[in-house]
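Trainee: Listed here are the chains, written in short residue letters.
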Amino acid sequence: MKTHAGEEADMVIRIESQSKLLLLRPLCYFVRHLLEQLAPTVGAEDICNNLELAFTEAYTNIHKYAYGSGTTGTVIIHIHIRPEELEFTFEDHGLGYEPCCVPPPNLDKPAEGGLGLWLMGEFMDECAYTRTPEGRNILRLIKRLPADADSS
Amino acid sequence: MLVQDKDGVAVIKMDERLDMVAAPALKEAISELVKANKTNVIIDLEQTKFIDSSGCGALVASLRALIKNKGDMKIAGPSHQARSLFELTRLHRVFEIYDDVETARLTFRK
Chain L
-15 MKTHAGEEAD MVIRIESQSK LLLLRPLCYF VRHLLEQLAP TVGAEDICNN
35 LELAFTEAYT NIHKYAYGSG TTGTVIIHIH IRPEELEFTF EDHGLGYEPC
85 CVPPPNLDKP AEGGLGLWLM GEFMDECAYT RTPEGRNILR LIKRLPADAD
135 SS
Chain D
5 MLVQDKDGVA VIKMDERLDM VAAPALKEAI SELVKANKTN VIIDLEQTKF
55 IDSSGCGALV ASLRALIKNK GDMKIAGPSH QARSLFELTR LHRVFEIYDD
105 VETARLTFRK
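Protein chains in written order, with this note's numbering: chain L, -15 to 136; chain D, 5 to 114.
None of these hints come from the bench; they were simulated from the model.
Remember, predicted model here, so these are calculated numbers, not experimental data.
Glycine included, C-beta positions come from ideal geometry on N, C-alpha and C.
Which chain L residues face chain D? A few, computed with CB under 8 Å, are given here:
1. LEU8
2. ARG9
3. ASN33
4. LEU37
5. THR40
6. THR44
7. GLU96
8. LEU103
9. GLU106
Cut-off 25 Å, straight-line C-alpha distance, at most; resulting in silico cross-link-like pairs (DSS-like, lysine-lysine):
10. LYS42(D) - LYS74(D)
11. LYS127(L) - LYS53(D)
12. LYS31(D) - LYS17(D)
13. LYS31(D) - LYS48(L)
14. LYS31(D) - LYS72(D)
15. LYS53(D) - LYS4(L)
16. LYS17(D) - LYS53(D)
17. LYS48(L) - LYS53(D)
18. LYS127(L) - LYS(-14)(L)
19. LYS42(D) - LYS72(D)
20. LYS4(L) - LYS31(D)
21. LYS10(D) - LYS74(D)
22. LYS31(D) - LYS10(D)
23. LYS72(D) - LYS93(L)
24. LYS48(L) - LYS93(L)
25. LYS39(D) - LYS74(D)
26. LYS93(L) - LYS31(D)
27. LYS10(D) - LYS42(D)
28. LYS48(L) - LYS4(L)
29. LYS93(L) - LYS74(D)
30. LYS17(D) - LYS42(D)
31. LYS10(D) - LYS53(D)
32. LYS74(D) - LYS17(D)
33. LYS39(D) - LYS10(D)
If you anchor each label on the Cβ, the simulated ranges turn out as follows:
34. LEU6(D) - LEU11(L): 23 to 29 Å
35. GLY12(D) - ALA112(L): 48 to 54 Å
36. ILE71(D) - GLU106(L): 26 to 32 Å
37. ILE60(L) - ASP104(D): 41 to 47 Å
38. GLN2(L) - ARG68(D): 30 to 36 Å
39. GLY12(D) - ALA95(L): 26 to 32 Å
40. ILE122(L) - LYS74(D): 45 to 51 Å
Hey, can you work out the whole structure from these sequences and the hints?
Mentor: Laid out in structure tokens, this is it:
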């Protein structure tokens, strides 16, 4: 995966922050601008929109559910950019959940909530949640990327 | 976010993002309009580049509150991203969506 400037973009970015609502937009802007620097296949508007939405939903869920809107805790985010895929990993120490117990939304009966997890699954190729014995929540979101047009 | 009156219709002009940051303010604005008995509302999304599930939830809650109080809500000028999300979540069947505020406003006269 190359950037618009022709650099290889194989890298890991680590962000450690508090799960404050104040940081939602700055983090999303960072991710958006990062994606737009990647090859045109990744920087295409639809792919950027979908990756930005998945990132937003994951961070929002940690703020809203793992820690609860009234409290904050640490969130560690890794963004892995590899030649063939992009991965977001979110780690927190808040409340865990059982993914299998979260029902998919009934789209014929619109509700005020319950779309976030489902949307992540719609927009990413892999969506894996783990609760470690130490009480950490780890959410991995992976998107396979189209090959660069000039990779040959 | 800006709330204006246009010939008896309340127009709520949303900012660049309708997310968990903006959603409470939208719900609060709707609550104030309901209290003032101004229940015909247009949500102007012409400046809104990005909407997420919190934004969708706030729009669903707003529509419900307005209908419950004998009003209605129309959406004007959603971005490509917003339209795609409405279609994926089937909210395009729930919301009345128009290309711009003026077209949406005229539908309240019918």
